[in-house]
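Novice: Sequence:
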Amino acid sequence: MSVNSNSEEQLPSGREEAFVVFEKKARIDYVGWSRNDRDNNTDSNGQYLGSYDPERTYVTKMLAFLDEYDLENSIADISGLIDDDFIQKFSGFEQKMTYMATRFRLRKWRIDAGIVGTMIMIAPTYKSEIGKLLETIRKIVNQEVRDKNKKDKIFSKIASLQSEVDREQTTIDALFGRMIDLSKTVGECAENLEPLLEKMERVKKLLWDNSKKVEMLPKQERPKLITKADEEFDIDGDIPF
Numbered sequence: 001m002s003v004n005s006n007s008e009e010q011l012p013s014g015r016e017e018a019f020v021v022f023e024k025k026a027r028i029d030y031v032g033w034s035r036n037d038r039d040n041n042t043d044s045n046g047q048y049l050g051s052y053d054p055e056r057t058y059v060t061k062m063l064a065f066l067d068e069y070d071l072e073n074s075i076a077d078i079s080g081l082i083d084d085d086f087i088q089k090f091s092g093f094e095q096k097m098t099y100m101a102t103r104f105r106l107r108k109w110r111i112d113a114g115i116v117g118t119m120i121m122i123a124p125t126y127k128s129e130i131g132k133l134l135e136t137i138r139k140i141v142n143q144e145v146r147d148k149n150k151k152d153k154i155f156s157k158i159a160s161l162q163s164e165v166d167r168e169q170t171t172i173d174a175l176f177g178r179m180i181d182l183s184k185t186v187g188e189c190a191e192n193l194e195p196l197l198e199k200m201e202r203v204k205k206l207l208w209d210n211s212k213k214v215e216m217l218p219k220q221e222r223p224k225l226i227t228k229a230d231e232e233f234d235i236d237g238d239i240p241f
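If you're matching positions, the sequence shown starts at 1 in the numbering used here and goes up one per residue.
Keep in mind the hints are simulated off the structure, nothing from the lab. Since this is a predicted model, take the numbers as computed values, not measurements. Errors might be hidden in some of the hints.
Unchecked claim - Distance ranges between label pairs, derived from CB positions:
1. Leu106 to Tyr48: 34 to 42 Å
2. Asp152 to Asp85: 52 to 60 Å
3. Asp77 to Tyr48: 20 to 28 Å
4. Asp152 to Ile28: 28 to 36 Å
5. Asp85 to Ile180: 40 to 48 Å
6. Arg146 to Gly32: 41 to 49 Å
7. Thr102 to Lys139: 40 to 48 Å
8. Trp109 to Arg38: 29 to 37 Å
9. Asp147 to Gln169: 30 to 38 Å
As the list claims (entries may be wrong) - Distance condition first, Cα-Cα at most 30 Å in a straight line; then the derived DSSO-like pairs of lysine-lysine:
10. Lys213 to Lys127
11. Lys153 to Lys132
12. Lys184 to Lys212
13. Lys205 to Lys150
14. Lys139 to Lys199
15. Lys184 to Lys204
16. Lys61 to Lys96
17. Lys108 to Lys151
18. Lys153 to Lys127
19. Lys127 to Lys204
20. Lys24 to Lys61
21. Lys25 to Lys153
22. Lys151 to Lys205
23. Lys184 to Lys108
24. Lys153 to Lys139
25. Lys151 to Lys199
26. Lys132 to Lys108
27. Lys148 to Lys96
28. Lys205 to Lys127
29. Lys205 to Lys148
30. Lys132 to Lys184
31. Lys108 to Lys96
32. Lys127 to Lys24
33. Lys150 to Lys96
34. Lys24 to Lys153
35. Lys212 to Lys108
36. Lys153 to Lys184
37. Lys108 to Lys205
38. Lys139 to Lys127
39. Lys127 to Lys61
40. Lys205 to Lys139
Note that CB positions come from ideal geometry on N, CA and C, so glycine has one too.
From just these sequences and the hints, can you work out the full model?
Specialist: Take a look at the structure:
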C-alpha cells in the first residue's frame, strides 16, 4: 500500500525549490511502500515476485513534475520497461533525481548567501538613500497598519531586503527577489496606502538604476578523464615498436 504524503500540496512557488520538496516526499512514499511491497511479494527462497510498483510510481511522479514544470526533458521514461530492465535502469534514474535535488539545494543556499547568479553591487551613496527609504516605509507601516500579523510580515520583508542592500555584493536574483517579496506583501497587507506605495516605487527605481553588474571570472571546464584505452590508441602519442 502506498504511503500518501500529499506531495502535490504546499509546494514553493519556485520550480527548483518545488522540485526539492516534491522529490523528497515522493521518495519517502516509494521507500516506505517498497519495504511493504518486498515483505508481501517475496517467496520463501527470497525471490521477489512483484512488479516494482513503488519504484514505477516514483518514476511516474517525477516525470510528471518535470513535464509540468518544464524543468528537464532529456530523462527517459523507464516506467513501462519489463521488470528486469526496469530495475536495472531505476538506480540511474534515482541517482539523477538525487543529483538534481542536490544541485538545486546548493543553488538556493548560494543564492541566499549572495554568491551565485549575476553578481551586482550598489554604490554606498545609494545604499544609504535606500536604507532611509526603507526606514520611512517601516515608520509608515508602524503608524498606519493596525493588524499586528500584517505589520510583522512587512517588517520581515523590509529586513530581508535591507540585508541584501547592505551586502558588498549580491545577485540580481537575491536583490530583486527580496524587492518583489516586499512589494507583494505590502500589496496584500497595506492596500491603498498611497504614501507607502510612493516610497516603494522610489526604492524600486533606485535599485534598478544604481545596481552595477560585477564581472566574474570565467567558469573552468571539468577536465576530461583519459582512460587507458585512450592512451593506447592516441595517434598523436609515441608509437611503440
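Novice: For every hint, state whether the structure bears it out.
Specialist: The hints, checked one at a time:
1. The beta-carbon spacing between Leu106 and Tyr48, approximately 35 Å, falls within the hinted interval of 34 to 42 Å.
2. Range check, Asp152 to Asp85: about 55 Å between beta-carbon atoms, so the 52 to 60 Å window is met.
3. Separated by about 23 Å at the C-beta atoms, Asp77 and Tyr48 satisfy the suggested range of 20 to 28 Å.
4. As the Cβ distance of Asp152 to Ile28 is approximately 33 Å, the hint placing it in 28 to 36 Å holds.
5. Separated by about 46 Å at the C-beta atoms, Asp85 and Ile180 satisfy the suggested range of 40 to 48 Å.
6. The hint said 41 to 49 Å for the Cβ distance between Arg146 and Gly32, and at roughly 47 Å that hint holds.
7. Range check, Thr102 to Lys139: Cβ separation about 43 Å, and the 40 to 48 Å hint holds.
8. Take Trp109 and Arg38: their Cβ atoms lie about 35 Å apart, and the range 29 to 37 Å holds.
9. Distance hint check: the CB atoms of Asp147 and Gln169 are about 36 Å apart, consistent with the given range 30 to 38 Å.
10. Proximity of Lys213 to Lys127 is assessed by CA-CA distance (about 15 Å); at most 30 Å being required, the pair is judged to hold.
11. The suggested pairing of Lys153 with Lys132 holds, with an alpha-carbon distance near 19 Å, which does not exceed 30 Å.
12. Between Lys184 and Lys212 the CA atoms are separated by roughly 25 Å; this keeps the pair inside 30 Å, and the hint holds.
13. Taking the CA atoms of Lys205 and Lys150, the gap is about 25 Å. The hint holds against a cut of 30 Å.
14. A C-alpha spacing of about 11 Å is found between Lys139 and Lys199, which places the hinted pair at or below 30 Å, so the restraint holds.
15. For the suggested pair Lys184 and Lys204, the alpha carbons sit about 13 Å apart, so the restraint of at most 30 Å is met.
16. Restraint check for Lys61 and Lys96: the C-alpha separation of about 14 Å stays at or below 30 Å, so the hint holds.
17. As the CA atoms of Lys108 and Lys151 are separated by approximately 27 Å, the hinted pair is consistent with the 30 Å bound.
18. Straight-line distance between C-alpha atoms of Lys153 and Lys127 comes to about 23 Å, which keeps the hinted pair within the 30 Å bound.
19. This hinted pair checks out: Lys127 and Lys204 have alpha carbons roughly 12 Å apart, not beyond 30 Å.
20. Restraint check for Lys24 and Lys61: satisfied, since their Cα atoms lie roughly 12 Å apart, inside the 30 Å limit.
21. A C-alpha spacing of about 28 Å is found between Lys25 and Lys153, which places the hinted pair at or below 30 Å, so the restraint holds.
22. Taking the CA atoms of Lys151 and Lys205, the gap is about 24 Å. The hint holds against a cut of 30 Å.
23. Under the criterion of a C-alpha separation no larger than 30 Å, the hint pairing Lys184 with Lys108 is consistent with the structure, at around 21 Å.
24. The hinted pair formed by Lys153 and Lys139 meets the criterion: a straight-line CA distance of about 14 Å does not exceed 30 Å.
25. For the given pair, Lys151 sits about 17 Å from Lys199 by alpha-carbon distance, which is consistent with the 30 Å threshold.
26. Taking the CA atoms of Lys132 and Lys108, the gap is about 29 Å. The hint holds against a cut of 30 Å.
27. Restraint check for Lys148 and Lys96: not satisfied, since their Cα atoms lie roughly 45 Å apart, outside the 30 Å limit.
28. Simply put, Lys205 and Lys127 have alpha-carbon atoms about 13 Å apart, close enough for the 30 Å limit, and the pair holds.
29. Straight-line distance between C-alpha atoms of Lys205 and Lys148 comes to about 29 Å, which keeps the hinted pair within the 30 Å bound.
30. Proximity of Lys132 to Lys184 is assessed by CA-CA distance (about 20 Å); at most 30 Å being required, the pair is judged to hold.
31. Our distance criterion of 30 Å between C-alpha atoms is met by Lys108 and Lys96, whose separation comes to about 18 Å.
32. Annotation: proposed proximity of Lys127 to Lys24 is violated, straight-line Cα distance about 39 Å (limit 30 Å).
33. With a C-alpha separation of about 41 Å, the suggested pairing of Lys150 with Lys96 is violated against the 30 Å cut-off.
34. Proximity of Lys24 to Lys153 is assessed by CA-CA distance (about 28 Å); at most 30 Å being required, the pair is judged to hold.
35. Distance hint between Lys212 and Lys108 is fulfilled; the C-alpha atoms sit about 22 Å from each other, no more than 30 Å.
36. Restraint check: the Cα-Cα separation between Lys153 and Lys184 comes to about 11 Å, which is no more than 30 Å; the hinted pair holds.
37. As the CA atoms of Lys108 and Lys205 are separated by approximately 26 Å, the hinted pair is consistent with the 30 Å bound.
38. For a cut-off of 30 Å, the pair hint linking Lys139 to Lys127 stands: about 18 Å separates their Cα positions.
39. Annotation: proposed proximity of Lys127 to Lys61 is violated, straight-line Cα distance about 46 Å (limit 30 Å).
40. Taking the CA atoms of Lys205 and Lys139, the gap is near 20 Å; set against the 30 Å cutoff, the hint holds.
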